[in-house]
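Chain by chain, the residues:
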Amino acid sequence: MVDHPAVEVDGLHVGYGSTPVLVGVSLTVPRGQGVCVVGENGIGKSTLLRCVSGLQQPDEGTIHVFGGDPGATPEFWRAVVTTVEPPTWYPGLTAREHAELVCRAHGQDPDQAGVDEALERFGLANHADAIPPSLSSGQKQRLVLAIALLRPSSLLILDEPEQRLDREGRADVAGLLADYVEGGGSLLMASHDDSFAQASGAAITTMESLSAVTP
Amino acid sequence: MTVVPLAPVRRWISRTQSAHRERGATLGSLYVGVLTIAIIGGMFHRQVGEIFWPPTPDASALAAASLVAVIYGLLYLALRRFGPLALSRPAASWLLPAPVSRRRLLLPSLRITAIVATVIGAVAALAIAGHAAPRSEAGDEVALLVTGGALIGLALLLIATAAQAGGRWGLVLDRVVGVVFAAGLAGLVVSTTLDEPASVDRWPTVAVLGPAVGVAAVVVLAVLALVIRSLAATPSDRILDASRTAGTLFDTAFGIEPSFLTDMIERRYWARRRLRSTRLFPRLPVLVAQDVLLTLRRRSRLLWLLLGASLPVLLGSAPGWVLGAAVLVGLLIAGMTATGNVKTDAGNPVLLRLLGLSSRQAVLQRLWVPGVLASLWAAFALTLLDVVGDLSAGPWWALGLVLGPVGAAAAVHRARVGFVRNELLPLDTPMGTLSTGPLVNAVMGPDMLLLGIPAWIAIAQGHLDWSTVLIQAVIGGAGARFYLSGTTGDDRTELSH
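In order, the protein sequences belong to chains E and U. Using UniProt numbering, you'd call the opening residue of the first sequence number 1 and step up by one each time. Using UniProt numbering, you'd call the opening residue of the second sequence number 1 and step up by one each time.
What the hints contain is simulated information worked out from the structure, not anything from laboratory work. One or more of the hints may lead you astray.
Listed next, the stretches of chain U that the computed footprint assigns to chain E, with coverage defined by at least 3 CB atoms under 8 Å from CB atoms of chain E [stated by the list, open to error]:
1) 285-297
2) 355-361
3) 489-496
These numbers were taken from a predicted model, which means no experiment stands behind them. Where is the CB? At the ideal position from N, CA and C, for every residue including glycine.
All chains, full assembly: derive it from the sequences and hints.
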């Protein structure tokens, strides 16, 4: 079997109306490695991640995730976790129950998967019984990351995971992402924080360096 | 703190707003509103007359007492749900935090709700008297009863206003009124099954009614004065909540999008609840376990559903096809009590992607709990109709049970509809332009009830044998199966159609 890279983007063009956002963008994320895209606001980092996640169609160019097309198939979403979309929550389900639900949907035993430990690690142990909409934005961000790291996956696509986290939280999350990559997972993320990216074990690249033409 | 006079501020706002409106726009809206009411009144005045004052009284004393509990209970609960004191969203944002008199700020809201509650109270009293009281020369008595009804409406508003500003007793009172409302519904069902003739044979005399209404008027007006005096004590958060509700109501009306309101009610309900995490039932498929947990967390809904199963009895004397249609609609409503999660997934599939489930797996699992609820509801409702004699002897309970897949498919289909598509082309009809978006939205869900046609025919005819039950079971099961395979796929996660 050919060992495809986790993500392979070539000649990607995306524009909003007459404004080009991504022009000739090419990027490769090898399997079992991490890449962090940095750049100023509005340069197209989130658009790139959305395209790689299959949530936005590019105007031109090719994208392959593990050798296949990114898309809406359940197989794709069993391999890929993304946080590029704002999360929604099931009404009447607590934070812990959301984590348990995701684990059980992937055939994991919630205790063996370490739901309680994950909530503890992300500082949410005291909020396990809260419904997610009642949490602060930082706590919601941590819950999303906790669930994303709990369930099995081969590729994480994270949009500014350090946002709304305090200094200690950033260090913890960076350590967990480094462990994820070390364990064979692949990571593509966008960030504004170079030190966070380095601590996550991701290679830093700028949007300008990915683009054939600077927009 | 200096209190800024409110009247000049309101005048300035009104002047500035009207400067942006077309000349005569308000008068035009008023004209259209009055004309619409006049046309509808002209077209349906006979039917309206029958509703409020039928040729002969047709309700027993039990039915009349039950109607009092149902109508006034509902009025109180509606007042509580919508405030009763509310401000427009701009006023809540800009005037509530301003140094203006809180009492003067809230007075217009109290005035409008007082008029509405008084009118509803009076009209309800007229209708109840019209159905239950004997026909004789009794102009003064009717006038006094209607005045009494208006006073009850106003009194309920005053209690609701105090509850809005008060503590936990308001919530307790809501529950008590909820029980009174439920008892009223049960009383209506019982009075229908007893089939008693109208048993109120004479009016209360003016000598009794006059002083009673007079004393009630004095008490209500005194309480009204007290409420106005303490209006400023209404906490801001309660007013803000009510203002958001009023704003959402307007959004719902203008956008013809009922989900705005239902979503808000759902959010508020769960925000108030204190939950304790529990393990999802490990032996059940994961989404079934989630639906079971959510259903068990809203036990009061199940009680209302149980009570609702007795309501088709009220239509015992209606034509059979009406009774059949009511049972099928009830089936849909029963199923919809457990489709909140489908609505969440259909609106935004983020969580389904995280779960990594296909739309087919998700919908298959989501059909189970609505199916069981619809099945039990229909079995109970049809058995009750059988017991009270509205249907001839037959395996009606079995027909109810096999209707489960129909209710499940209809409820899940309804939950997957999404927002009203207002971009659909309107239809020009002789009666005016008809928006097709809300129409299409409204029929999605009920359209699946066509799978229950064998049951509908059986209920309409009042006869049932096992072959009809078998036909219904096959059509319902096959229909739900085709719905699943036709609207979902193993290769996609999105639930929307």
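Verification of the supplied hints:
1. 285-297: This one holds; 7 residues, not fewer than the three required, reach chain E with a Cβ under 8 Å.
2. 355-361: With 5 residues closer than 8 Å to chain E, the segment 355-361 of chain U meets the three-residue bar; holds.
3. 489-496: The restraint on the segment 489-496 of chain U holds, since 5 of its residues have a Cβ under 8 Å from chain E and three suffice.
Violation of the numbered hints given earlier is absent; every hint is satisfied by the structure.
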